[in-house]
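Colleague: Protein chains in written order, with my numbering: chain A, 1 to 201; chain B, 1 to 201.
Heads up, some of the hints might be wrong.
Since the list gives no way to pick out one identical chain from another, each pair is judged satisfied if it fits inside one copy or across any two copies.
[As the list claims (entries may be wrong)] As a list, the in silico SDA-like pairs of lysine to any residue whose alpha-carbon atoms are at most 25 Å apart: (1) Lys22 to Ala182; (2) Lys178 to Gly4; (3) Lys88 to Lys114; (4) Lys62 to Val25; (5) Lys131 to Glu85; (6) Lys131 to Arg79.
I should point out that these hints are in silico values taken from the structure, not numbers from a laboratory.
These are the residues of each chain, in order.
2 protein chains.
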Amino acid sequence: MRKGLIFAVSAPSGAGKTTLCKKVVELLPDLRHSISYTTRPPRVNEVDGVDYHFVSEEMFVKMVERDEFVEWAMVHGNRYGTAEESLKRYEAEGIDVILDIDVQGAGQIRQKLKRGVYIFVLPPFPEELEKRLRGRGTEGDEVIKARLLNAREEIGRIVNYDYIIVNDLFEDAVERLKSIIAAERCRRESVLPQIKEDWGI
Amino acid sequence: MRKGLIFAVSAPSGAGKTTLCKKVVELLPDLRHSISYTTRPPRVNEVDGVDYHFVSEEMFVKMVERDEFVEWAMVHGNRYGTAEESLKRYEAEGIDVILDIDVQGAGQIRQKLKRGVYIFVLPPFPEELEKRLRGRGTEGDEVIKARLLNAREEIGRIVNYDYIIVNDLFEDAVERLKSIIAAERCRRESVLPQIKEDWGI
């Protein structure tokens with residue numbers, strides 16, 4: 001059986017990454033969202049083992065000490081992390097997973113796993129990103145300026161990514177992400193084990 | 001402007017490569033079939049500069065001597081070749097081209113150009129390939145046996161290819177080839193020049 005593939009998707013805030021990942025998981029039945037660990041309490045409707053693995057602060061710290069995460073981060077006082085064991089299980093079972101992950105997390109995973117497909121999602125232009133951030137109506141001027149600066153910095157790190165999706169039209173971005181996943185499934189390393197079996201070589 | 005990409009598609013005889021390439025060029029308006037040089041006389045309906053560049057034996061030999069081909073071969077007494085100049089022109093103009101090329105030709109191009117995307121098309125099983133070859137009704141038992149042996153040998157050279165498309169259902173194979181082309185267009189190296197321009201970095 002072929003190994004599952006790991007797709008790590010990053011983006012500056014406002015690029016539409018989360019919506020994009022959700023849509024593609026919805027469209028491709030043979031692709032799953034990787035489930036992270038978190039110390040954040042579950043919200044209404046959130047299910048343990050489906051949305052997140054909800055764990056105590058104590059448990060999370062123990063996992064960090066045991067070096068069980070390929071990446072983890074503290075966000076607004078809560079910890080979030082991706083367990084290496086989860087990724088290895090998906091891989092062994094031949095399940096392709098998508099990780100919705102920030103640039104730092106993606107960098108950590110790449111360094112630690114030495115495999116995976118790294119995809120960066122970009123809004124079309126600086127102007128468009130600003131418009132989207134303002135459109136939310138929740139952020140003030142200062143925050144937006146900081147976000148734009150941050151985006152520019154993150155773009156500088158694109159060099160660590162295999163693919164770039166410019167999210168100009170959402171439908172096109174969905175098609176591009178689907179194409180990347182389909183293409184990676186056709187990569188020689190992904191297909192060859194099965195072929196060798198079929199042809200007895 | 002971004003550089004044009006080169007897609008070289010190879011397959012053992014009977015894998016359906018030519019039909020597949022034609023279909024994808026038909027479906028993607030921004031993809032062209034690379035036009036080869038040949039010493040074969042044009043058939044009815046064939047147009048010089050569209051189907052092939054039809055040249056004399058003398059001219060072809062001169063081009064070989066001047067090392068103008070990235071690959072060339074003699075097939076049934078006629079010479080066929082891909083001119084480096086053509087590929088460079090497509091590349092400079094940002095035009096993506098597809099080359100319908102045998103394993104040896106693809107190997108020569110890869111060695112000479114050191115770039116391009118190499119795709120191998122396979123029939124699903126040895127049994128299926130045999131059925132397809134017999135289905136043509138034009139080849140005898142000996143020829144079919146030789147073809148199968150040849151296919152097995154060519155599969156041994158898959159290691160030189162980036163992607164493998166198993167042509168089980170034609171429609172799926174078309175989708176896979178389209179996905180590979182779309183994904184390669186999203187590769188960091190393909191997209192980054194434009195992004196740097198947009199973001200002024």
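Colleague: Each hint needs a verdict: does it hold in this structure or not?
Modeller: Here's how the hints hold up against the structure:
no.	hint	verdict
1	Lys22 to Ala182	both (17 Å within a copy, 20 Å between copies)
2	Lys178 to Gly4	both (16 Å within a copy, 22 Å between copies)
3	Lys88 to Lys114	within (13 Å within a copy, 34 Å between copies)
4	Lys62 to Val25	neither (31 Å within a copy, 56 Å between copies)
5	Lys131 to Glu85	neither (40 Å within a copy, 45 Å between copies)
6	Lys131 to Arg79	neither (30 Å within a copy, 58 Å between copies)
Of the numbered hints stated above, those contradicted by the structure are hints 4, 5 and 6, listed in ascending order.
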